[in-house]
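J.: Here is what each chain is made of, one letter per residue.
There are 2 protein chains.
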Amino acid sequence: MLEKYVKAARRLEKADLVLKNADYLDVFTGTIKKGDIAVVGEKIVGTGEYSGKQEIDCTGLTVLPGYIDGHVHIESSQLSPEEFASLIVPRGTTTIIADPHEITNVCGMAGCEYVAKASQNVPLDVKIQLPSCVPATPFETSGAVLNGKDIEKNIKNDYIFGLGEFMNYPGLINCDTDTLKKAEAAHAAGKVIDGHAPAISGYDLNGYLACGVSTDHECVTKEEIEEKISKGMYVHIRHGSSTQNLGNAKFITDKNMRRFILCTDDRHAADLKEKGHLDDALRKLVANGLDPVTAVICATLNAAECYNLKWRGGVAPFYLADLVAVDNLKNFNAKYVIKSGKLVAKDGKPLFDTSKRCLPANVLNTVHLKKPLTAGDFVLTLKGTKAKAMTIEPGGVVTGCETVEVQSRNGDVIVKGTDLLKLAVVERHKLTGNIGKGLFKGYGFKGGALGITIAHDSHNIILMGDDNEAMAKAANRLKEIGGGMVIVNSQTGEIHSLTLDIGGLMSSRDAESLQRDSKALIERAYSMGVNRSFEAFMSLAFLSLAVIPKLKLTDAGLFDVEKFAFTDINV
Amino acid sequence: MLEKYVKAARRLEKADLVLKNADYLDVFTGTIKKGDIAVVGEKIVGTGEYSGKQEIDCTGLTVLPGYIDGHVHIESSQLSPEEFASLIVPRGTTTIIADPHEITNVCGMAGCEYVAKASQNVPLDVKIQLPSCVPATPFETSGAVLNGKDIEKNIKNDYIFGLGEFMNYPGLINCDTDTLKKAEAAHAAGKVIDGHAPAISGYDLNGYLACGVSTDHECVTKEEIEEKISKGMYVHIRHGSSTQNLGNAKFITDKNMRRFILCTDDRHAADLKEKGHLDDALRKLVANGLDPVTAVICATLNAAECYNLKWRGGVAPFYLADLVAVDNLKNFNAKYVIKSGKLVAKDGKPLFDTSKRCLPANVLNTVHLKKPLTAGDFVLTLKGTKAKAMTIEPGGVVTGCETVEVQSRNGDVIVKGTDLLKLAVVERHKLTGNIGKGLFKGYGFKGGALGITIAHDSHNIILMGDDNEAMAKAANRLKEIGGGMVIVNSQTGEIHSLTLDIGGLMSSRDAESLQRDSKALIERAYSMGVNRSFEAFMSLAFLSLAVIPKLKLTDAGLFDVEKFAFTDINV
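Sequence order for the protein chains is A and G. Once you know that position 417 of the first sequence is 419 in our numbering, the rest is easy, because the numbers rise by one and skip nothing. Once you know that position 531 of the second sequence is 533 in our numbering, the rest is easy, because the numbers rise by one and skip nothing.
Honestly, the hints are just simulated from the structure, not real lab data. Bear in mind that the values here come from a model prediction, so they are computed numbers and not experimental data. Backbone N, C-alpha and C fix where the C-beta goes; we use that ideal spot for every residue, glycine too. Fair warning: there could be bad hints in the mix.
To be verified - Take a look, some chain A residues computed to stay more than 10 Å from chain G by CB distance:
| no. | residue |
| --- | --- |
| 1 | ASP28 |
| 2 | GLY48 |
| 3 | GLY209 |
| 4 | THR255 |
| 5 | ASN310 |
| 6 | MET540 |
Unchecked claim - A short list of chain G residues far from chain A (calculated; beta carbon distances all over 12 Å):
| no. | residue |
| --- | --- |
| 7 | LYS184 |
| 8 | LYS233 |
| 9 | THR356 |
| 10 | ILE416 |
Claimed, not checked - Pairs of lysine-lysine residues, derived as BS3-like cross-links and limited to a Cα-Cα distance of at most 25 Å, are as follows:
| no. | chain 1 | residue 1 | chain 2 | residue 2 |
| --- | --- | --- | --- | --- |
| 11 | G | LYS6 | A | LYS183 |
| 12 | G | LYS35 | A | LYS257 |
| 13 | A | LYS193 | G | LYS35 |
| 14 | A | LYS35 | A | LYS337 |
| 15 | A | LYS6 | G | LYS35 |
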């Protein structure tokens with residue numbers, strides 16, 4: 003192959019592909035240059051004046067290295083990796099560091115393998131980070147457990163790029179043996195460890211970093227960013243759907259610039275489709291005053307360096323021909339996208355087959371119930387008339403705990419006609435029959451039940467409703483469809499659902515029809531009273547996350563995050 | 003091990019070693035910080051306030067990451083790797099990218115293995131680059147040949163770090179199959195390729211780089227440096243004994259800074275001992291106006307990034323505890339040097355045993371002659387009275403070609419009493435019996451013969467003299483001592499020599515006594531008339547190098563470098 007590269011580079015033979023008359027970004031000197039870019043096979047072979055078997059006129063366009071997303075959970079889009087690629091590749095992203103944390107919590111290593119395999123169908127380099135925290139907490143039943151030994155075994159796989167965000171910093175800094183083993187295994191395999199260390203600083207941060215953690219995407223303050231960079235971390239500038247810290251870019255200086263990279267972490271399909279991916283981050287960063295060349299270097303060369311992706315992130319000979327030709331460095335509208343030397347998207351549309359889907363049996367039908375549920379399963383017997391009820395604080399993820407007055411009838415708390423709803427978390431992985439039960443105040447929903455199989459991070463079934471029968475029906479329907487979202491209307495008896503067949507988290511369908519149906523279902527939930535300050539279904543998805551204050555509900559019961567212990571609903 | 007790191011990082015246990023009250027360079031933000039540096043085992047675990055089992059007071063000192071020499075031939079010091087380390091480690095260098103090109107040209111892979119093995123005796127990380135050009139040219143007989151297949155086999159060895167400077171750029175850009183195979187083998191093994199591309203630019207440079215070459219240490223002009231960096235290369239700032247390009251630092255900007263690294267390439271023992279190693283480069287760069295923080299970052303983090311030496315080149319948790327405490331960022335006098343967590347040098351003196359020497363049989367006794375030489379072997383019969391004579395241009399490596407009038411007697415050219423000397427290159431590896439013969443004008447030496455077994459790059463015996471008998475004696479003595487330098491005095495019959503027992507290139511002795519004896523021998527040569535504008539012996543060492551203009555002599559004959567062909571001595 004080198005012979006072909008050299009001959010084309012020296013213009014003794016035509017290149018396979020030439021981007022003609024381009025302005026292009028030289029990330030190494032931070033300047034815009036003019037010329038043709040010659041490509042042979044998957045590599046750039048030269049810049050200058052070239053002719054090619056295929057030529058693309060880039061007059062008036064600026065060619066950049068393909069963008070690298072430093073940290074993303076594909077599952078948050080509710081799309082398959084193939085469909086996800088069909089949305090982000092046309093935006094200019096050609097490499098992602100993907101942490102399949104959600105699907106692996108449901109399906110174990112089959113989840114990782116699935117994402118790796120599905121990604122091979124599309125022109126996007128998906129570097130798989132082995133999720134480090136499966137389950138995320140010991141306070142719920144997950145679909146899989148990856149302990150130190152499992153990590154040790156699986157981190158060696160060729161298709162595993164590194165170890166995913168190490169959220170269990172208490173485990174590391176308190177020297178839990180099994181937790182340390184995970185980090186040790188990653189180092190033994192020579193693989194990178196991504197971090198997740200919100201507000202950790204000082205000697206605790208030293209302890210965390212002494213385990214060899216490379217990155218953080220959670221920091222937001224100047225002090226935190228400066229300390230983390232100064233202690234050797236790369237810091238992500240995050241542009242997710244709910245969590246963003248584009249403001250981190252304010253703290254970029256000439257000296258620390260190479261330690262900033264971009265990521266999206268969690269981004270919904272609607273945002274990907276309507277606003278974009280890293281192109282949208284670049285657009286906003288530049289609008290906020292960041293030098294566009296610096297912004298692009300963060301999204302390309304810096305990420306390549308951080309993740310040791312040699313020969314990637316630059317427009318130069320022998321670099322991977324991952325390129326995006328944009329209208330300008332303000333709007334970043336991608337006219338052409340080249341992946342590994344092939345034109346794969348034009349004018350925002352993919353040129354690759356987006357209909358192929360990898361659908362292995364072991365990520366389908368992942369909703370397992372010990373037996374069909376009945377109304378009796380949702381009876382909630384309280385000792386007295388005072389109970390703890392969960393609320394959601396403004397912002398959507400932190401919950402509150404309120405003491406409420408309740409009445410009961412036949413040993414079951416009455417919620418109909420009150421501002422309370424029953425909340426239930428039904429274990430769906432291991433046939434334990436576990437059902438955690440609680441009360442929720444102020445969601446607004448009335449006349450039936452809502453249910454969803456996305457429930458961070460173990461993804462059991464979360465149900466909310468004012469009717470035991472409807473809640474049982476909702477759970478049973480979710481099992482029937484293999485996961486997704488459901489609404490049961492007690493009055494009409496109707497059941498409406500949206501299937502998320504892949505692990506109960508993602509759909510194998512195309513983004514467009516999924517979104518249409520999803521919107522309709524969400525509107526139906528609002529029409530049944532859900533307070534519009536909530537996301538009708540997705541606000542439910544965080545009610546199990548027993549690491550975020552204050553009160554949470556898992557399949558094992560009500561959990562007081564501040565006391566870090568289970569708690570009694572009776573006050 | 004992580005448990006120990008974490009506990010010390012969090013101050014729950016004492017660190018093994020603490021550098022107290024230091025100013026230290028945070029290379030990631032380019033700032034000097036204050037604090038203690040805690041070390042456990044071979045790693046830094048934290049910065050802040052620490053106490054340790056061992057403590058070193060660094061009040062008033064500035065702690066930097068250990069320096070990384072990006073490209074060096076240890077052989078040029080004429081010292082063993084152990085003795086070389088004893089000179090450079092106390093200067094603050096803790097890692098070198100070593101290309102054992104010379105010893106491998108003599109001994110083949112045994113040369114590489116020797117350098118790797120010897121380096122294990124000393125606290126210096128020696129990353130071995132497999133020499134890519136053995137022999138450097140096909141116009142002489144070398145001790146070994148590493149063709150594409152040999153490179154393919156050996157590059158996979160764990161102890162081989164990458165492929166050494168690819169001097170054979172004509173081979174690459176003209177697509178010589180065997181040459182390309184070498185580069186392909188390096189990529190297949192995932193290893194870095196160092197470059198060597200003086201004045202190559204434009205499409206030829208594209209062709210060279212399309213082979214995946216990473217670095218260049220030969221460039222000197224602004225245009226060349228900018229082009230090379232812009233095309234993805236790292237550029238070395240070189241501080242050798244004869245070849246230097248510290249001026250390259252003038253072209254560092256905020257944007258391209260991360261692509262500059264430091265190296266020494268070839269540096270003599272005397273310079274190492276008297277002036278220093280990279281500390282001397284830093285001193286001079288700063289004296290010339292380079293920002294000291296930038297200079298140190300080039301010598302540390304940048305080199306680590308270039309050579310993919312993860313967790314090296316910074317003062318931060320989990321980074322290798324390679325540290326140098328200097329008096330200030332002007333003089334760079336190293337007070338303490340820490341290698342992999344151990345104090346290994348203090349006040350410029352090594353604290354490690356420098357007497358251990360690895361001396362495998364296969365790098366000793368490397369001077370092989372078919373039979374003892376006699377005066378008759380140096381008879382030079384010319385056809386007429388005009389012949390080509392070699393001269394040395396000012397500067398020492400480029401040679402000239404002058405037509406001279408000669409007289410002969412008994413079929414042998416007369417040099418005695420003229421300003422001509424006989425020059426001979428005696429093949430010493432393969433028992434071919436080859437002797438290349440020529441004339442040299444203007445060296446000044448009279449009354450015997452000089453000889454040396456350092457003769458770039460195949461290292462045959464180079465002899466110069468005005469007496470056939472003395473030349474024969476010189477060659478025979480070099481065989482006897484296993485290589486080195488020799489002077490034969492025809493008048494007194496005395497033979498004086500200095501042994502370079504390792505491959506005929508390096509000595510197994512200590513630097514101090516070697517230098518003393520070497521100086522004495524050199525003075526003896528000058529006393530016999532050698533023009534003081536030459537280096538008495540080392541100027542001979544480049545007379546065989548058939549890639550540098552104009553006229554050279556190899557064991558196969560007189561070579562016209564400009565015509566790139568052998569040439570007749572008769573005019």
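J.: All hints, please: hold or fail.
T.: Here's how the hints hold up against the structure:
no.	hint	in the structure
1	ASP28	violated (5 Å)
2	GLY48	violated (3 Å)
3	GLY209	violated (4 Å)
4	THR255	violated (7 Å)
5	ASN310	violated (7 Å)
6	MET540	holds (36 Å)
7	LYS184	violated (10 Å)
8	LYS233	violated (5 Å)
9	THR356	holds (32 Å)
10	ILE416	holds (51 Å)
11	G/LYS6 - A/LYS183	holds (13 Å)
12	G/LYS35 - A/LYS257	holds (15 Å)
13	A/LYS193 - G/LYS35	violated (30 Å)
14	A/LYS35 - A/LYS337	holds (19 Å)
15	A/LYS6 - G/LYS35	violated (50 Å)
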